[in-house]
Amino acid sequence: MQDSTPINKDLVAASSTPLVLAILSEKDSYGYAILKRVRELSRGRMEWTDGMLYPVLHRLERLGFIEAHWEVAESGRRRKYYRITRQGRKQLAEEREQWQAVDDTLRGIWSALALPFHAARDLLTLTFTPAAALCPCR
Amino acid sequence: METQDRKIRLEEQIEHWRSYLRRRQAIHPVDVEELEDHLREQVSALLRANLTEDEAFLIAVKRLGDLDSLSREFAREHSERLWKQLVVSPAESGEPGARTRREAAVAFGLTVLAAIAVKLPELFGLTLDADEGFYVRNVSLFVFPLLAGFFVWKRRAGPSTQRWLAAGFVAAAVFANIYPFRPEGSTEILTALHLPIALWIVVGVAYAGGRWGEPGVRMDFVRFSGELFIYYVLIALGGGVLTGFTAMLFQAIGIDPEPFLQRWMVPCGALGAVVIASWLVEAKQSVIENMAPVLTRLFTPMFAIVLIVYLATMTFTGRMIEFNRELLIAFDLLLVVVLGLLLYSISARDPRAPRNIFDWMQVVLVISALLVDALALWTIASRISELGFTPNRVAALGENIILLVNLAWSAVLYVRFLRGRGPFTDLERWQTNYLPVYGVWAAIVVTVFPPLFRYI
Numbered sequence: 001m002q003d004s005t006p007i008n009k010d011l012v013a014a015s016s017t018p019l020v021l022a023i024l025s026e027k028d029s030y031g032y033a034i035l036k037r038v039r040e041l042s043r044g045r046m047e048w049t050d051g052m053l054y055p056v057l058h059r060l061e062r063l064g065f066i067e068a069h070w071e072v073a074e075s076g077r078r079r080k081y082y083r084i085t086r087q088g089r090k091q092l093a094e095e096r097e098q099w100q101a102v103d104d105t106l107r108g109i110w111s112a113l114a115l116p117f118h119a120a121r122d123l124l125t126l127t128f129t130p131a132a133a134l135c136p137c138r
Numbered sequence: 001m002e003t004q005d006r007k008i009r010l011e012e013q014i015e016h017w018r019s020y021l022r023r024r025q026a027i028h029p030v031d032v033e034e035l036e037d038h039l040r041e042q043v044s045a046l047l048r049a050n051l052t053e054d055e056a057f058l059i060a061v062k063r064l065g066d067l068d069s070l071s072r073e074f075a076r077e078h079s080e081r082l083w084k085q086l087v088v089s090p091a092e093s094g095e096p097g098a099r100t101r102r103e104a105a106v107a108f109g110l111t112v113l114a115a116i117a118v119k120l121p122e123l124f125g126l127t128l129d130a131d132e133g134f135y136v137r138n139v140s141l142f143v144f145p146l147l148a149g150f151f152v153w154k155r156r157a158g159p160s161t162q163r164w165l166a167a168g169f170v171a172a173a174v175f176a177n178i179y180p181f182r183p184e185g186s187t188e189i190l191t192a193l194h195l196p197i198a199l200w201i202v203v204g205v206a207y208a209g210g211r212w213g214e215p216g217v218r219m220d221f222v223r224f225s226g227e228l229f230i231y232y233v234l235i236a237l238g239g240g241v242l243t244g245f246t247a248m249l250f251q252a253i254g255i256d257p258e259p260f261l262q263r264w265m266v267p268c269g270a271l272g273a274v275v276i277a278s279w280l281v282e283a284k285q286s287v288i289e290n291m292a293p294v295l296t297r298l299f300t301p302m303f304a305i306v307l308i309v310y311l312a313t314m315t316f317t318g319r320m321i322e323f324n325r326e327l328l329i330a331f332d333l334l335l336v337v338v339l340g341l342l343l344y345s346i347s348a349r350d351p352r353a354p355r356n357i358f359d360w361m362q363v364v365l366v367i368s369a370l371l372v373d374a375l376a377l378w379t380i381a382s383r384i385s386e387l388g389f390t391p392n393r394v395a396a397l398g399e400n401i402i403l404l405v406n407l408a409w410s411a412v413l414y415v416r417f418l419r420g421r422g423p424f425t426d427l428e429r430w431q432t433n434y435l436p437v438y439g440v441w442a443a444i445v446v447t448v449f450p451p452l453f454r455y456i
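So the sequence lines, in the order shown, correspond to chains A and B. Residues in the first sequence are numbered consecutively from 1, following our numbering. Residues in the second sequence are numbered consecutively from 1, following our numbering.
Since the hints were made in silico from the structure, they are not lab data. Note that CB positions come from ideal geometry on N, CA and C, so glycine has one too. Mixed in with the good hints, there may be bad ones.
Distance condition first, Cα-Cα at most 20 Å in a straight line; then the derived DMTMM-like pairs of lysine to aspartate or glutamate [stated by the list, open to error]:
{"#": "1", "chain 1": "A", "residue 1": "Lys36", "chain 2": "B", "residue 2": "Asp37"}
{"#": "2", "chain 1": "B", "residue 1": "Lys119", "chain 2": "B", "residue 2": "Asp131"}
{"#": "3", "chain 1": "B", "residue 1": "Lys154", "chain 2": "B", "residue 2": "Glu103"}
{"#": "4", "chain 1": "B", "residue 1": "Lys154", "chain 2": "B", "residue 2": "Glu214"}
{"#": "5", "chain 1": "A", "residue 1": "Lys80", "chain 2": "B", "residue 2": "Glu55"}
{"#": "6", "chain 1": "A", "residue 1": "Lys27", "chain 2": "A", "residue 2": "Asp10"}
{"#": "7", "chain 1": "A", "residue 1": "Lys90", "chain 2": "A", "residue 2": "Glu47"}
{"#": "8", "chain 1": "A", "residue 1": "Lys80", "chain 2": "B", "residue 2": "Glu33"}
{"#": "9", "chain 1": "A", "residue 1": "Lys90", "chain 2": "B", "residue 2": "Asp68"}
{"#": "10", "chain 1": "A", "residue 1": "Lys80", "chain 2": "B", "residue 2": "Glu36"}
{"#": "11", "chain 1": "B", "residue 1": "Lys7", "chain 2": "B", "residue 2": "Asp68"}
{"#": "12", "chain 1": "A", "residue 1": "Lys80", "chain 2": "A", "residue 2": "Asp28"}
{"#": "13", "chain 1": "A", "residue 1": "Lys9", "chain 2": "B", "residue 2": "Asp68"}
{"#": "14", "chain 1": "B", "residue 1": "Lys7", "chain 2": "B", "residue 2": "Asp66"}
{"#": "15", "chain 1": "A", "residue 1": "Lys9", "chain 2": "B", "residue 2": "Glu55"}
{"#": "16", "chain 1": "A", "residue 1": "Lys90", "chain 2": "A", "residue 2": "Glu61"}
{"#": "17", "chain 1": "B", "residue 1": "Lys7", "chain 2": "B", "residue 2": "Asp37"}
{"#": "18", "chain 1": "A", "residue 1": "Lys80", "chain 2": "A", "residue 2": "Glu61"}
{"#": "19", "chain 1": "B", "residue 1": "Lys119", "chain 2": "B", "residue 2": "Glu258"}
{"#": "20", "chain 1": "A", "residue 1": "Lys9", "chain 2": "A", "residue 2": "Glu40"}
{"#": "21", "chain 1": "A", "residue 1": "Lys36", "chain 2": "A", "residue 2": "Glu94"}
{"#": "22", "chain 1": "A", "residue 1": "Lys80", "chain 2": "B", "residue 2": "Glu103"}
{"#": "23", "chain 1": "B", "residue 1": "Lys62", "chain 2": "B", "residue 2": "Glu103"}
{"#": "24", "chain 1": "A", "residue 1": "Lys80", "chain 2": "A", "residue 2": "Glu26"}
{"#": "25", "chain 1": "B", "residue 1": "Lys62", "chain 2": "B", "residue 2": "Asp131"}
{"#": "26", "chain 1": "B", "residue 1": "Lys62", "chain 2": "A", "residue 2": "Glu47"}
{"#": "27", "chain 1": "A", "residue 1": "Lys9", "chain 2": "B", "residue 2": "Asp66"}
{"#": "28", "chain 1": "B", "residue 1": "Lys62", "chain 2": "B", "residue 2": "Glu33"}
{"#": "29", "chain 1": "A", "residue 1": "Lys27", "chain 2": "A", "residue 2": "Glu95"}
{"#": "30", "chain 1": "A", "residue 1": "Lys36", "chain 2": "B", "residue 2": "Glu36"}
{"#": "31", "chain 1": "A", "residue 1": "Lys9", "chain 2": "A", "residue 2": "Glu71"}
{"#": "32", "chain 1": "B", "residue 1": "Lys62", "chain 2": "B", "residue 2": "Asp37"}
{"#": "33", "chain 1": "A", "residue 1": "Lys36", "chain 2": "A", "residue 2": "Glu26"}
{"#": "34", "chain 1": "B", "residue 1": "Lys154", "chain 2": "B", "residue 2": "Glu282"}
{"#": "35", "chain 1": "A", "residue 1": "Lys27", "chain 2": "A", "residue 2": "Glu74"}
{"#": "36", "chain 1": "A", "residue 1": "Lys80", "chain 2": "B", "residue 2": "Asp37"}
A short list of chain A residues far from chain B (calculated; beta carbon distances all over 10 Å) [unchecked claim]:
{"#": "37", "residue": "Lys9"}
{"#": "38", "residue": "Thr17"}
{"#": "39", "residue": "Lys27"}
{"#": "40", "residue": "Tyr32"}
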């Protein structure tokens, strides 16, 4: 079930905010469970160093996007749960729009590249050699 | 029996790991607890997959990431926990001992320079007794450039920062000295009072070492300023005792030490102490690191109570604030104190901490101070047209408005935070963004007021 290529580090870092916010908007959660969910969603391709999640959570908390509270877990240990705030939801919506825009842009270029090869070649000759465009035989 | 042993061994390993983590200053005990919960969860998941305790522990620790980069990440996110460690030893590399010693040597050298600087004008015939005005206007220029130099050296600030700093000090020197002030006139005194404020912001730019734009660095500068003030007061107390004894001892053998004390010991000591105190704040941070926040905690409730009682008294007795000359300045000082209490409680507060009673107290203090000040302004506004606009009054009024705006918006942000409508960081950012305003207003008073009021 594990896909072979792990996702590049920069992309992982950039997507951490929307991903964590989105997971928390499903339901309140804690560090370990969030990581598990990330692994599920990415089918194991998003490799986070576990510890690095916590500074991210603390940053989001400082910015007021999420809030934390301690609960006693079934094991009897204290566990820190995070909950998304109203502001966090707003931020999530914004991030979502931005990622959508990136996705749309990439989709545009992907589909252009996916055109049949000769069509692409024709397109190139047409754009780059104006003489060819004027030639009536084409 | 064997599984029991393995369990005990696992606990030992976790205990070991925890104590290792505790030694990292960037990772607080609560964070250690959070990470430990993660580690245990991971271990039990791996145990369910039929790994042994040892294996499970190793893999779980490995997955958390290596501790150096982990604590670096924590440090980046929680810079407020680290500011003192960061300034004491900026890099782990190199010998900290040698660096500390070199820093002490540089600080001592600059202290001597500051003491010499204040005596230099005498070579050009400007004496402390005859040219009091000159010394009063330039006092900050004897020491602040040296202090800025210390930070430029320490933070290795880039050439463009250095140029800006130099330009700031040169401009200050020009404006302090070209105007034909009437001796001991209001505008001269205003310059003497405001130039240090403007230059203190310049020192802040040097302190930040090219990172003045970052709110965290500005907050560090606020902390630094508070601790410096406390250190300076302590040193001044000691200096006062020393001066007293010197006078007593020499008088006992029939020598009058007064001229020496007045011309050498007090001025040289007072300026040198600024450099020494700054160095101490940087180097001996942990000794009294929490002094400013402790004082804040102590006095916030007291000031709040006094102000509320004052407002209540005015309401019940129907007495109004009576106008007198010092009224405006007195209320400016009140706002400065309230702002200081607010600023230092903000600087020491963990933005993630839950809201507590102290936060409410802070809001009560700010709002009652605003009410009292509004009443004072009301009294002044009704009289100012008949009294006329003197430079002192305009300067004091300007300061009052600047402080009022800051506190009013702070109160709004604080209430918003307490009602869960915004993060605490908003308040922090508002305060750090506001810092240059004080400098700009002080610079306006220094540069524009003297010609505007014809140097009276």
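- Query: Would the pair Lys90 of chain A and Glu47 of chain A pass a check requiring their Cα atoms to be no farther apart than 20 Å?
  - Reply: Judged against 20 Å, a Cα distance of about 27 Å means the pair is violated.
- Query: Under the criterion that the straight-line Cα-Cα distance not exceed 20 Å, is the pair Lys36 of chain A, Glu94 of chain A satisfied?
  - Reply: violated, 25 Å
- Message: Between the alpha carbons of Lys7 of chain B and Asp37 of chain B, is the straight-line distance 20 Å or under?
- Response: Distance ~16 Å between Lys7 of chain B and Asp37 of chain B Cα, so the pair holds.
- Query: Do the alpha carbons of Lys7 of chain B and Asp66 of chain B lie within 20 Å of each other, as the hint requires?
  - Reply: violated, 24 Å
- Restraint status (C-alpha distance of Lys80 of chain A to Asp37 of chain B at most 20 Å): holds, 9 Å
- Task: Mind checking the alpha carbons of Lys27 of chain A and Glu74 of chain A for me, to see if they're no more than 20 Å apart?
- Result: The given pair, whose Cα atoms are some 18 Å apart, holds under the 20 Å limit.
- Task: Below or equal to 20 Å on CA atoms is what counts here, so check Lys9 of chain A against Glu55 of chain B.
- Result: Distance ~27 Å between Lys9 of chain A and Glu55 of chain B Cα, so the pair is violated.
- Query: Does the claim that Lys27 of chain A lies off the interface hold, with its Cβ farther than 10 Å from every Cβ of chain B?
  - Reply: holds, 17 Å
- Query: Does Lys154 of chain B pair with Glu103 of chain B here, judged by a C-alpha cut-off of 20 Å?
  - Reply: holds, 8 Å
- Query: Keeping to a limit of 20 Å between CA atoms, is the pair of Lys7 of chain B and Asp68 of chain B held or broken?
  - Reply: violated, 28 Å
- Message: Hinted pair, alpha-carbon criterion (20 Å max): Lys90 of chain A, Glu61 of chain A. Please report holds or violated.
- Response: holds, 14 Å
- Thr17 of chain A non-interfacial with respect to chain B [C-beta, more than 10 Å]: holds, 13 Å
The earlier numbered hints that this structure contradicts are 5, 6, 7, 9, 11, 14, 15, 21, 22, 23, 25, 31 and 40.
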